[in-house]
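A.B. asks: Starting from the structure of chain Z, add chain C where the hints point.
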Amino acid sequence: MSESLTLGRREFLRAGLFGSALLAGGAGVASLSGCSAPMSAADGYLHLRPADLELLTPLVPVILAGALPNGEADVQRALKRLDTLFDSPSRGSREALFKLYDVLQLGAFRWWVMDAWAHPASLSSEQIDQGMAKWSRKQNSFARLAFNGLCQPLTMAWYTDPEIAKTTGYPGPPRKVNA
Amino acid sequence: MNDLSKLEIRGVRDPWKEGIANGWSVIDASQLNEDADLEADVVIIGSGAGGGVSAEILSQSGLRVVIIEAARLKSTDEFNMDEGEAYRDLYQEGAARAAKDGSIAILQGRAVGGTTVVNWTSSFRTPEQTLSYWQDQFGVKGLSRSELDPWFAKMEQRLKVSKWAMPPNANNNALKVGCEAMGWMWSVIPRNVDGCWNLGYCGTGCPTNAKQSMLVTTLPSAMQHGATLVHGAEARTLEHDGKRVSAVICQALDARRQPTGKMVRVRAKTIVAAGGGINTPALLMRAGVPDPHQRLGKRTFLHPTTLVLGDFEQRVDGYYGAPQSLYSDQFTWRDGVDGAIGYKMEVMPTHPGLLTSLIGGYGSMARAQAERLPHYAAAIAMTRDGFHEQSQGGNVELSKYGDAVLDYVLNDYVLDGLRHSHLTMTEMLFAAGAQNVRPGHGDAPFFSSWQEAKSVIPTLKYAPGLTGAGSAHVMGGCTMGEDLKHCLTDSDGRYHHLENLYVFDGSVLPTSLGVNPQLTIYGISARNATRLATTLQA
Numbered sequence: 006m007s008e009s010l011t012l013g014r015r016e017f018l019r020a021g022l023f024g025s026a027l028l029a030g031g032a033g034v035a036s037l038s039g040c041s042a043p044m045s046a047a048d049g050y051l052h053l054r055p056a057d058l059e060l061l062t063p064l065v066p067v068i069l070a071g072a073l074p075n076g077e078a079d080v081q082r083a084l085k086r087l088d089t090l091f092d093s094p095s096r097g098s099r100e101a102l103f104k105l106y107d108v109l110q111l112g113a114f115r116w117w118v119m120d121a122w123a124h125p126a127s128l129s130s131e132q133i134d135q136g137m138a139k140w141s142r143k144q145n146s147f148a149r150l151a152f153n154g155l156c157q158p159l160t161m162a163w164y165t166d167p168e169i170a171k172t173t174g175y176p177g178p179p180r181k182v183n184a
Numbered sequence: 132m133n134d135l136s137k138l139e140i141r142g143v144r145d146p147w148k149e150g151i152a153n154g155w156s157v158i159d160a161s162q163l164n165e166d167a168d169l170e171a172d173v174v175i176i177g178s179g180a181g182g183g184v185s186a187e188i189l190s191q192s193g194l195r196v197v198i199i200e201a202a203r204l205k206s207t208d209e210f211n212m213d214e215g216e217a218y219r220d221l222y223q224e225g226a227a228r229a230a231k232d233g234s235i236a237i238l239q240g241r242a243v244g245g246t247t248v249v250n251w252t253s254s255f256r257t258p259e260q261t262l263s264y265w266q267d268q269f270g271v272k273g274l275s276r277s278e279l280d281p282w283f284a285k286m287e288q289r290l291k292v293s294k295w296a297m298p299p300n301a302n303n304n305a306l307k308v309g310c311e312a313m314g315w316m317w318s319v320i321p322r323n324v325d326g327c328w329n330l331g332y333c334g335t336g337c338p339t340n341a342k343q344s345m346l347v348t349t350l351p352s353a354m355q356h357g358a359t360l361v362h363g364a365e366a367r368t369l370e371h372d373g374k375r376v377s378a379v380i381c382q383a384l385d386a387r388r389q390p391t392g393k394m395v396r397v398r399a400k401t402i403v404a405a406g407g408g409i410n411t412p413a414l415l416m417r418a419g420v421p422d423p424h425q426r427l428g429k430r431t432f433l434h435p436t437t438l439v440l441g442d443f444e445q446r447v448d449g450y451y452g453a454p455q456s457l458y459s460d461q462f463t464w465r466d467g468v469d470g471a472i473g474y475k476m477e478v479m480p481t482h483p484g485l486l487t488s489l490i491g492g493y494g495s496m497a498r499a500q501a502e503r504l505p506h507y508a509a510a511i512a513m514t515r516d517g518f519h520e521q522s523q524g525g526n527v528e529l530s531k532y533g534d535a536v537l538d539y540v541l542n543d544y545v546l547d548g549l550r551h552s553h554l555t556m557t558e559m560l561f562a563a564g565a566q567n568v569r570p571g572h573g574d575a576p577f578f579s580s581w582q583e584a585k586s587v588i589p590t591l592k593y594a595p596g597l598t599g600a601g602s603a604h605v606m607g608g609c610t611m612g613e614d615l616k617h618c619l620t621d622s623d624g625r626y627h628h629l630e631n632l633y634v635f636d637g638s639v640l641p642t643s644l645g646v647n648p649q650l651t652i653y654g655i656s657a658r659n660a661t662r663l664a665t666t667l668q669a
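Those sequence lines, one after another, are chains Z and C.
For our numbering, count along the first sequence from 1 and bump the result up by 5.
For our numbering, count along the second sequence from 1 and bump the result up by 131.
If we strip away everything but chain Z, and leave its shape as in the complex, we get (with noise of 0.2 Å):
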């Protein structure tokens, strides 16, 4: 229930050995991405870098699910609001967020948290849907801060929109006319 855009320190050496070689890891997470400018935004997008697309992409239709009405063409829509949503937070606190998707990055990290080392453009809807269901049953703290650092950004981006707002039976605010 806690928008969770920081992954403190802390919290990633409290997972334990896990966490610690994660953590250690964190600064070669880069070459392991794939991405030849990991820290430099996609084209077109402000803070995304091609490598969160590609981790985002076959994850957006399962962690909104059913909150999609125009199927594959709000993945991208999804996605650019998550960008302008990050444009917000104080540049340390992204910084903690990229730091998750980093770690996302990782086989090691995707087999604890979702039982699945392949990366997630490799692996069908059903099998992201199961990694997710055990992610968000993990009865421990560094996981589900990071399952819910994944998860809410996304989804309050996406139920601000006015229009994907009214989905849920709200029916939206007054008009504001000025003089």
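Because the hints were derived from the structure by calculation, they are not lab data.
A couple of the hints might just be wrong.
What the hints assert, rightly or not - DSSO-like cross-link-like pairs, simulated, lysine-lysine; straight-line CA separation at most 27 Å:
1. C/K592 / Z/K85
2. C/K592 / Z/K139
3. C/K137 / Z/K171
4. Z/K139 / C/K585
5. Z/K171 / C/K205
6. C/K307 / C/K585
7. C/K205 / Z/K181
8. Z/K181 / C/K148
9. C/K137 / Z/K181
C.D. replies: Just chain C now, kept in the frame of chain Z:
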């Protein structure tokens, strides 16, 4: 069903548009082509509850006041009730501020007018128990309830605070029905509104000027008395010699909150820090002000808050209507002032962006829950942190970029209170007639009976990331009191270790409050700004 989407709001004035046209001194720092150098009798850093009240009082006393605000001016004509735009423009970090480990979402305003522009208008006087605790534990002087009551009365009158006279919306009514069924106390919340349209958009900037936020009350009054507002200017540091502060150094920010490269320097004889919890301690840390006992940013409190959703057969439409109009203090002092953590119960509005992200989860189950949104009552409990040795609050730190980070760990003392509140509010919402009830815990389903809920909730693991927690109240970090080892300002808000620096905001509070904090900050700031004005005029 309620449907306000067909309603048109017309004929509302924008006091800032008119004021600027009439010559108010407003500087948009984002537009500066060169560095600016200003001079004042008093510079006030921040324009929220503390800064707004101080600006009015000090400018009315004839002092030249400059108000610094990091946010860009956004006023009535731009308050269009769009949730996403409001979070981006009116909240700290785009409403994405959180405790360092991500376990607590922190909704804190960032606006001309501060959090008062986006709060839900609940206006309570500080509980006597809280004020007595400060006196006993921190040596706070002159702030007993009887000494503060005249200041509360003054601010209640100034900001039109009165108990909400209209019927509560169905969301608030669920609290009343549930409490009555349980035999628990409930009462009506005093709100700072004047001619409220009962729309429900307090959190996105009041579109009708009914909410008596700083934006439409004290700040316009200060402007009429010759104050200058510099907006889009973020205070980064202070010039000081270890004894006195001589100037505030700000960086100009563009519309995307990025530094433009232009600086604003404001020289003043007296400096008032009013950036609120988290931000004021962070500024003082960046400035390297004397802090011999390493107290800056310590004891920052949040009222860690839980949510329980009740799914009713009938539509609740909790996004419409005065968001908070009823409360219950049944458990606020459940184990005395300093025993097991107590909590005040209220409700929160259910706008889709905020509520779906709080519901959490993913995929088809999250979607199924989102589709019941109009049927949810959303009860919340704000736990009173800071009254027990195991509740020391969080610590403000600086990131490598110098931005504020709050390290706040949900420990077992607080977590026990979160679980207790989940049990209480689940029982309350079933008693109110909800068909299904879900506490805000990632492992909790919607329960279909109290029997089921009360057998499962005690078995859930309560830990950061598993249990949901939020905060809309940031308090402390510059503790006031006369005990120099633990306190940074005296009871009048003057910084103990610098002659001309005052802190008039929520960061001086030695503990959390047990009530929504705005009226406490108004009352104490009014008292201390008045004393400062008297001193400066002498």
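A.B. asks: None of the hints should be skipped; say for each whether it holds.
C.D. replies: Cross-check of the supplied hints:
1. For the hint linking C/K592 to Z/K85, the alpha-carbon distance of about 35 Å lies beyond 27 Å, and the restraint is violated.
2. Only pairs whose Cα atoms come within 27 Å are accepted, and C/K592 paired with Z/K139 is accepted, the gap being roughly 16 Å.
3. A C-alpha spacing of about 14 Å is found between C/K137 and Z/K171, which places the hinted pair at or below 27 Å, so the restraint holds.
4. Taken as a hint, the Z/K139 and C/K585 pair is honoured in the structure, with Cα atoms around 25 Å apart against an allowance of 27 Å.
5. As the CA atoms of Z/K171 and C/K205 are separated by approximately 26 Å, the hinted pair is consistent with the 27 Å bound.
6. Between C/K307 and C/K585 the alpha-carbon distance is near 21 Å, which keeps this suggested pair within the 27 Å criterion.
7. At most 27 Å may separate the alpha-carbon atoms for a hinted pair to count; C/K205 and Z/K181 meet this at roughly 15 Å.
8. Between the alpha carbons of Z/K181 and C/K148 the distance comes to roughly 16 Å, so the proposed pair stays at or under 27 Å and holds.
9. Restraint check for C/K137 and Z/K181: the C-alpha separation of about 11 Å stays at or below 27 Å, so the hint holds.
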